[in-house]
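These protein sequence lines map, in sequence, to chains A and B. Counting in our numbering, the first sequence runs from 1 upward without gaps. Counting in our numbering, the second sequence runs from 1001 upward without gaps.
FYI, nobody ran anything at the bench for these hints, they're computed from the structure. A portion of the hints provided could be inaccurate.
Estimated spans, in silico, between C-beta atoms of each pair [what the hints assert, rightly or not]: (1) A:184 with B:1034: 49 to 57 Å; (2) B:1269 with A:152: 25 to 33 Å; (3) B:1043 with A:51: 51 to 59 Å; (4) A:152 with B:1204: 30 to 38 Å; (5) A:51 with B:1319: 33 to 41 Å; (6) A:26 with B:1316: 58 to 66 Å; (7) B:1302 with A:108: 35 to 43 Å; (8) A:26 with B:1289: 28 to 36 Å.
When the alpha-carbon atoms are kept at most 25 Å apart in a straight line, the in silico PhoX-like pairs for lysine-lysine are as follows [as the list claims (entries may be wrong)]: (9) B:1168 with A:92; (10) A:169 with B:1168; (11) A:112 with A:94; (12) A:126 with B:1336; (13) A:51 with B:1336.
Covered stretches of chain B (in silico footprint by chain A; criterion: 3 or more residues with CB under 8 Å from a CB of chain A, positions within the stretch not fixed) [said to hold, decoys possible]: (14) 1009-1019; (15) 1222-1231.
Quick reminder that beta carbons are idealized off the backbone N, C-alpha and C, glycines included.
The lines below spell out each chain.
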Amino acid sequence: MKRICDYIIILFILIGFTATGFSQDMKLEEPVLLTAAGQSADIKITDILLKRAGITANVVNLAEVKDLTDIKTLIIVAGGSSKGLGAANIDKDKELERISNLAEAAKKENIKTLTLHIGGKTRRGKLSDPFCETAGNAADLLIVTKSGNEDGFFTKIAAAKKINIHEIKNSPEMIPILTGLFEKK
Amino acid sequence: MSKDQIFRNCLFIVLTIIICIYSFAKFGEMEEEYPIYPGENVEIVRLSNYFDGIKGTNADTDVYIYGGQEDGGSALILGGTHPNEPAGFITAVLLIERLKVNKGRVIIIPRANNSGFTCTDPQEGVPQEFRIETSDGIRKFRHGSRFMNILDQWPDPEVYLHYPSGQKLSGNERRNLNRSYPGKPDGVLTEKLAHAIVQLINTERIDISIDLHEASLEYPVIDAIVAHERSMDVAAMAQIDLQILGIDYNLEPSPVNFRGFSHREWGDYTETMPFLIESANPIQGRMRGETTEELLLKGYDKYYAEASELGLLYTPYPAEGIPLEVRTGRHLEAIKILISTFSLLNPEKEIGFSDLPSYSEIIENKLGYYLKTGR
């Protein structure tokens, strides 16, 4: 009898895990719109990784709501760059507003949002965290590097939103995850 | 005035004179240039060959040209733009002493701001030199100033107006080589130096140019490759390959609206593909404690360790610090991968080279193992 009870407990634990951290990822579809929250050059790295995964994205650093037309997946690369914001000639507040509007519009249109954070510790802190928070809260799925999530910043967002999070050691580890999500061979 | 007072006054004057003589002699020592021992098949020319406006000045400097047997592309590597950033200088020295080029050309300027090697930054208390143990004795290297020596370009204006943009910066930035590009042939000495480097890039038709730097750990652009928009594809691919090797670099775009930088103006005023590389150097930061040769070499500072725990830094700060080996190894690996990636994407301009140690080899064997002894 005790053994049966143990099995039942283990079964409940497994069901619990499946419903939270280990649930199946959603499937994502092309066309993809790729944008940056904070204007870091991590968007360029992501574009190359997407190509290596066989995924073509429309890359628009300062994407607006109109760019969502016919899009099925929105990918936001989070992390602030003072040089990038300067290069794009946009300030922090306007950039945050742009991302909020874009994420809200994507939600209304049932466009799936994948938020990436691949810049590690350097893309965290005073400048980056507001972008990470806004882009993280907009996400249906998160992929982040471990060094950028040492304090559990993204894990907490994922838990609060009850969405899946993939922690990777470095950005190239994202390629097999992306091929799986987009069902590429 | 009593005899006692006269004696004290005389003693004070004598001590002052002794301190002045000692300081003057120490400052004068900075004029001595420690040798670099180039490898084989190198042509050494002066930068003034490309613009004679710097001939006979402290801005003129040696240019080391390595050419391969086969035709190919050409790369320029600059160390010592800021002589208080030793990893950039030592990486250039190591290249000069080890590099073998079999295809194309690699041109190296180790003391880009030669004048800055003849002084240190006032009130920073930094060492004037540092020593590296080689297999056959100690070698000395200069540690200098971020700026050109004020004796070579004086006085500083209240406000520095960058040419040709008119951008305003604080007055001392007029002596900062990396705020002076594209330079000005009839400008102040730093502008002339910048112009000479741009002339070299144009004359030698340099395809890929890499400017080596370091930065303090509380500066957001750290452990980074800064790339002009023309360089972005190569930089992004190189960054991914570096990550696969376990070397994390951030990629930063060169701002269009901040002028005077190598990564901006080289791209706008020449055909080259420019990159700037930063490593993390605790001796440059404001949070540092005792400023010693040991800090420069070992890169460990207890206050930075504390700052790291408090989350105040933009880069990981390992318990053992960030020694010069790590910073130089990172630079060297980034150079190799940037040039290889460029060659992969531009096979008609391939640059082939060999005999450079890997990042892990430099960490394992230490820097001195790869530097020549001079004997």
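For each hint, the structure was consulted:
1. A:184 with B:1034: 49 to 57 Å: 56 Å, holds
2. B:1269 with A:152: 25 to 33 Å: 47 Å, violated
3. B:1043 with A:51: 51 to 59 Å: 41 Å, violated
4. A:152 with B:1204: 30 to 38 Å: 51 Å, violated
5. A:51 with B:1319: 33 to 41 Å: For residue 51 of chain A and residue 1319 of chain B the Cβ distance comes to about 38 Å; the hint holds.
6. A:26 with B:1316: 58 to 66 Å: Distance hint for residue 26 of chain A, residue 1316 of chain B is violated at roughly 33 Å.
7. B:1302 with A:108: 35 to 43 Å: 53 Å, violated
8. A:26 with B:1289: 28 to 36 Å: 51 Å, violated
9. B:1168 with A:92: At roughly 23 Å apart (the allowed maximum being 25 Å), residue 92 of chain A and residue 1168 of chain B satisfy the hint.
10. A:169 with B:1168: Answer violated: residue 169 of chain A to residue 1168 of chain B is near 42 Å, above 25 Å.
11. A:112 with A:94: With Cα atoms ~23 Å apart, residue 112 of chain A and residue 94 of chain A stay inside 25 Å; holds.
12. A:126 with B:1336: 33 Å, violated
13. A:51 with B:1336: Status holds; Cα separation ~24 Å.
14. 1009-1019: With 0 residues close enough to chain A, the hint is violated.
15. 1222-1231: With 5 residues close enough to chain A, the hint holds.
When held up to the earlier numbered hints, the structure conflicts with 2, 3, 4, 6, 7, 8, 10, 12, 14 and fits the remainder.
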